[in-house]
Amino acid sequence: MFTTILNKKPLIHHLTNAVTINECANMTLALGGSPVMAEDILEVEEMVGHADAVVINIGTLNAASRASQLLAGQTANRLKKPIILDPVGMGATTLRTQFTKELLEAIHFTVIKGNVSEIKTLIGQVGRSKGVDVASGETLDFQVVHEFAGRLGTTLVVTGPVDFITDGKRQVKLTVGTPRLGYITGTGCMTASLIGTLLGAGYDAFEAATYGTYLMGKAGEVADEAAGLGDFRMGLFNAISLTTEESLKGVLTSGE
Amino acid sequence: MFTTILNKKPLIHHLTNAVTINECANMTLALGGSPVMAEDILEVEEMVGHADAVVINIGTLNAASRASQLLAGQTANRLKKPIILDPVGMGATTLRTQFTKELLEAIHFTVIKGNVSEIKTLIGQVGRSKGVDVASGETLDFQVVHEFAGRLGTTLVVTGPVDFITDGKRQVKLTVGTPRLGYITGTGCMTASLIGTLLGAGYDAFEAATYGTYLMGKAGEVADEAAGLGDFRMGLFNAISLTTEESLKGVLTSGE
Amino acid sequence: MFTTILNKKPLIHHLTNAVTINECANMTLALGGSPVMAEDILEVEEMVGHADAVVINIGTLNAASRASQLLAGQTANRLKKPIILDPVGMGATTLRTQFTKELLEAIHFTVIKGNVSEIKTLIGQVGRSKGVDVASGETLDFQVVHEFAGRLGTTLVVTGPVDFITDGKRQVKLTVGTPRLGYITGTGCMTASLIGTLLGAGYDAFEAATYGTYLMGKAGEVADEAAGLGDFRMGLFNAISLTTEESLKGVLTSGE
Numbered sequence: 386m387f388t389t390i391l392n393k394k395p396l397i398h399h400l401t402n403a404v405t406i407n408e409c410a411n412m413t414l415a416l417g418g419s420p421v422m423a424e425d426i427l428e429v430e431e432m433v434g435h436a437d438a439v440v441i442n443i444g445t446l447n448a449a450s451r452a453s454q455l456l457a458g459q460t461a462n463r464l465k466k467p468i469i470l471d472p473v474g475m476g477a478t479t480l481r482t483q484f485t486k487e488l489l490e491a492i493h494f495t496v497i498k499g500n501v502s503e504i505k506t507l508i509g510q511v512g513r514s515k516g517v518d519v520a521s522g523e524t525l526d527f528q529v530v531h532e533f534a535g536r537l538g539t540t541l542v543v544t545g546p547v548d549f550i551t552d553g554k555r556q557v558k559l560t561v562g563t564p565r566l567g568y569i570t571g572t573g574c575m576t577a578s579l580i581g582t583l584l585g586a587g588y589d590a591f592e593a594a595t596y597g598t599y600l601m602g603k604a605g606e607v608a609d610e611a612a613g614l615g616d617f618r619m620g621l622f623n624a625i626s627l628t629t630e631e632s633l634k635g636v637l638t639s640g641e
Numbered sequence: 386m387f388t389t390i391l392n393k394k395p396l397i398h399h400l401t402n403a404v405t406i407n408e409c410a411n412m413t414l415a416l417g418g419s420p421v422m423a424e425d426i427l428e429v430e431e432m433v434g435h436a437d438a439v440v441i442n443i444g445t446l447n448a449a450s451r452a453s454q455l456l457a458g459q460t461a462n463r464l465k466k467p468i469i470l471d472p473v474g475m476g477a478t479t480l481r482t483q484f485t486k487e488l489l490e491a492i493h494f495t496v497i498k499g500n501v502s503e504i505k506t507l508i509g510q511v512g513r514s515k516g517v518d519v520a521s522g523e524t525l526d527f528q529v530v531h532e533f534a535g536r537l538g539t540t541l542v543v544t545g546p547v548d549f550i551t552d553g554k555r556q557v558k559l560t561v562g563t564p565r566l567g568y569i570t571g572t573g574c575m576t577a578s579l580i581g582t583l584l585g586a587g588y589d590a591f592e593a594a595t596y597g598t599y600l601m602g603k604a605g606e607v608a609d610e611a612a613g614l615g616d617f618r619m620g621l622f623n624a625i626s627l628t629t630e631e632s633l634k635g636v637l638t639s640g641e
Numbered sequence: 386m387f388t389t390i391l392n393k394k395p396l397i398h399h400l401t402n403a404v405t406i407n408e409c410a411n412m413t414l415a416l417g418g419s420p421v422m423a424e425d426i427l428e429v430e431e432m433v434g435h436a437d438a439v440v441i442n443i444g445t446l447n448a449a450s451r452a453s454q455l456l457a458g459q460t461a462n463r464l465k466k467p468i469i470l471d472p473v474g475m476g477a478t479t480l481r482t483q484f485t486k487e488l489l490e491a492i493h494f495t496v497i498k499g500n501v502s503e504i505k506t507l508i509g510q511v512g513r514s515k516g517v518d519v520a521s522g523e524t525l526d527f528q529v530v531h532e533f534a535g536r537l538g539t540t541l542v543v544t545g546p547v548d549f550i551t552d553g554k555r556q557v558k559l560t561v562g563t564p565r566l567g568y569i570t571g572t573g574c575m576t577a578s579l580i581g582t583l584l585g586a587g588y589d590a591f592e593a594a595t596y597g598t599y600l601m602g603k604a605g606e607v608a609d610e611a612a613g614l615g616d617f618r619m620g621l622f623n624a625i626s627l628t629t630e631e632s633l634k635g636v637l638t639s640g641e
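Chains as they are written, first to last, in the numbering used here: chain A, 386 to 641; chain B, 386 to 641; chain C, 386 to 641.
Chain A extracted, bound-state conformation (with noise of 0.2 Å):
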């Protein structure tokens, strides 16, 4: 756990999917801060007005889900709170990739993530997305995501296994992590949870991205050690849990 965020347990709302809906908390706590997932859209407009950061995550929608998104992020713009989006599949169907277009077009948001798949949609080059799990094997031109984001005003995070972190001006490439993250369900998600809490608790939006996608990676590099997948996934949120401030050191420069 960050002291620093353990102390002002920043509100970070989740409108999220259903799979990971639980590990999407547990993280969020486990680097300190205090997570809540009201997707009602009677008490949406209210929550986002206590949270200090939204998190919108595709994963599973519904159209009561769909609307409460669109609201949410509304929202936390019209209140100046910063927000993530987790495009989860976007290009993999065209509801995905339509409404994505849609959050888009109503809302601002602070911080992008997403896979090779998913921001090549978003950056009008085809996916060829086939699942939300899936590594694709496709590349990216990074040069092409940094003016996007640029344009975009928006920090962007593309995750794999270099991840690389831009927003328009600044940029940092990671080769943290392991295979093993892409083993279980959900380490994208809680990426962004981790970003989503790094937002709420006032690191700017690069930073927050950057160090968000590092402690993710490097979590998995200490999980590592376990020999199965179920220890691996408990060995994550252990990870989290037992790391600093500290441990960021040196990670904003140390990409290129």
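Errors might be hidden in some of the hints.
Treat identical chains as interchangeable: a pair holds within one or across any two.
Only pairs whose alpha carbons sit at most 20 Å apart, straight line, appear in this in silico EDC-like list of lysine to aspartate or glutamate [claimed, not checked]: (1) K465 - D589; (2) K486 - D425; (3) K486 - E431; (4) K558 - E487; (5) K554 - E431; (6) K558 - E532; (7) K603 - D526; (8) K634 - E490; (9) K634 - D589; (10) K558 - D589; (11) K634 - E487; (12) K554 - E630; (13) K634 - E606; (14) K394 - E487; (15) K486 - E606.
Keep in mind that the hints were calculated from the coordinates and are not lab data. As the structure is a prediction and not an experimental result, all values here were calculated from the model.
Use these hints to put chains B and C onto chain A, whose structure you have.
Coordinates of chains B and C only, in the frame set by chain A:
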């Protein structure tokens, strides 16, 4: 596991939140009960008919779940089944406060369990609920809670550094536990599942409320040897599954 | 993990319950597959089109999920994708029994997996389903199941102390497992995910059903060294992730 519960296998019907629904099912099983989570309004009444106790938790609401919770509660009353309410985040949003009031007007609860903010809101004082997992640093006059429980004819549980359980006649304070129970999501929800399981197994309301609260606190103490929060979380399930009826000796009179 | 599955990374589309959705995703990954849980009716057909197999589980229904499950199943049939049904709690409520019948009339399932109560209800005998995780102590004439499977043209799996798998021609009994598999939630659901993953990887229905059932039982035996239920639960994921194709040698002929 409690052998007496395991032999009876009481069916505990949960209408609960999406975040901790798996944890609640596993905690019910760890004590020896049998969980079922049926929320479809077309089967709620029939499932309550099968159940030995009902657990209602408002952690993540939507229009459908609110209707089902009301129907489940009214059915439980009609069939004289014990029912526990966990008013998660009551006071945090108007919806949660209003809906809890609606539940209280339509349903008589056997037990209501909340943190200081939630119970404060419940008894008409203004709470300062910020999220759902946030320790508020608020204080509460337990004598007021005691009298309110008497008027309501309900056993009330206030969780916190000191847990307070009262049915308006008997009362007990418990100091068991560890602050780390606040650093994983759902320990409150799981406490309600333990209480519900004890109710379903035939314990009276005051006993079930006290024992369930005690068991979670004690599990936290046992699990506290874990270095990280992942192992601590699993340690709670280990502890409850390895607990027997013997562990409750003297608990009812230990507090005060 | 099965290297052959990991190399193919079959996409397993789940329309499943809220309680064990995370566990099902992680179990699919642990064997080498890629899970996706898309329930929005606007994307169900498209996602089934991407999928290598479909898993339908009626553990927690609502109006939207029922419509999506019907559409997913019909699409799977149309596209000739393998599909498995887990009729959780069939017989416990009228809704579950009726909806399962509706599914069976509209969809041809490659595999149906249930416990004794569920399969008894399925073949028209009256089950005594009480919840969803309750061992009923009922018995079932496996010969009747065998003949029913033949008439249905579906592979049936009956789980219990003795697991019975039949496609109406071949049949096998398995005695692998541990009673503790009944003390955590979702082992049945996860078995369906394992079978679904094997179907998606190209195993035929009888093989996939037998191997998936065997793998979960064997994982239970391996994990049984854990003292408590938290570690036992994680032990299941450890075990599956450390299993290889070698472990299946002789299983098809071991039973009978």
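Hint-by-hint comparison with the structure:
For the homomeric pair K465 and D589, the shortest alpha-carbon distance inside one copy (13 Å) is at most 20 Å, but the shortest distance between copies (50 Å) is not. Within a single copy, K486 and D425 get their C-alpha atoms only as close as 22 Å, which misses the 20 Å cut-off; across copies the closest is 17 Å, which meets it. Taking CA atoms no more than 20 Å apart as the test, K486 paired with E431 passes between copies only; the shortest distance there is 18 Å, against 25 Å inside one copy. In this assembly of identical chains, the alpha carbons of K558 and E487 never lie at most 20 Å apart, being 29 Å within a copy and 52 Å across copies at closest.
When the C-alpha separation of K554 and E431 is checked against a cutoff of 20 Å, the pair qualifies neither within a copy, at 34 Å, nor between copies, at 38 Å. Taking the shortest Cα distances, K558 and E532 sit within 20 Å of each other inside one copy (15 Å), while across copies they are farther apart (61 Å). For the identical chains of this complex, K603 and D526 are neighbours neither inside a copy (25 Å) nor across copies (46 Å), given an alpha-carbon limit of 20 Å. When the C-alpha separation of K634 and E490 is checked against a cutoff of 20 Å, the pair qualifies neither within a copy, at 36 Å, nor between copies, at 55 Å.
Taking the shortest Cα distances, K634 and D589 sit within 20 Å of each other inside one copy (16 Å), while across copies they are farther apart (53 Å). With identical chains, the CA atoms of K558 and D589 are at most 20 Å apart within one copy only, with a shortest distance of 18 Å there and 44 Å across copies. For a Cα distance limit of 20 Å, the shortest separation of K634 from E487 qualifies neither inside one copy, at 38 Å, nor across copies, at 51 Å. Proximity of K554 to E630 under the C-alpha cut-off of 20 Å is found in neither arrangement, the shortest distances being 25 Å within a copy and 49 Å between copies.
For the identical chains of this complex, K634 and E606 are intra-copy neighbours only, at 17 Å inside a copy versus 34 Å across copies, given an alpha-carbon limit of 20 Å. For a Cα distance limit of 20 Å, the shortest separation of K394 from E487 qualifies neither inside one copy, at 32 Å, nor across copies, at 31 Å. Taking the shortest alpha-carbon separations for K486 and E606, neither the intra-copy value of 35 Å nor the inter-copy value of 48 Å comes in at or below 20 Å.
Violated hints for the displayed structure, listed by number in ascending order: 4, 5, 7, 8, 11, 12, 14, 15.
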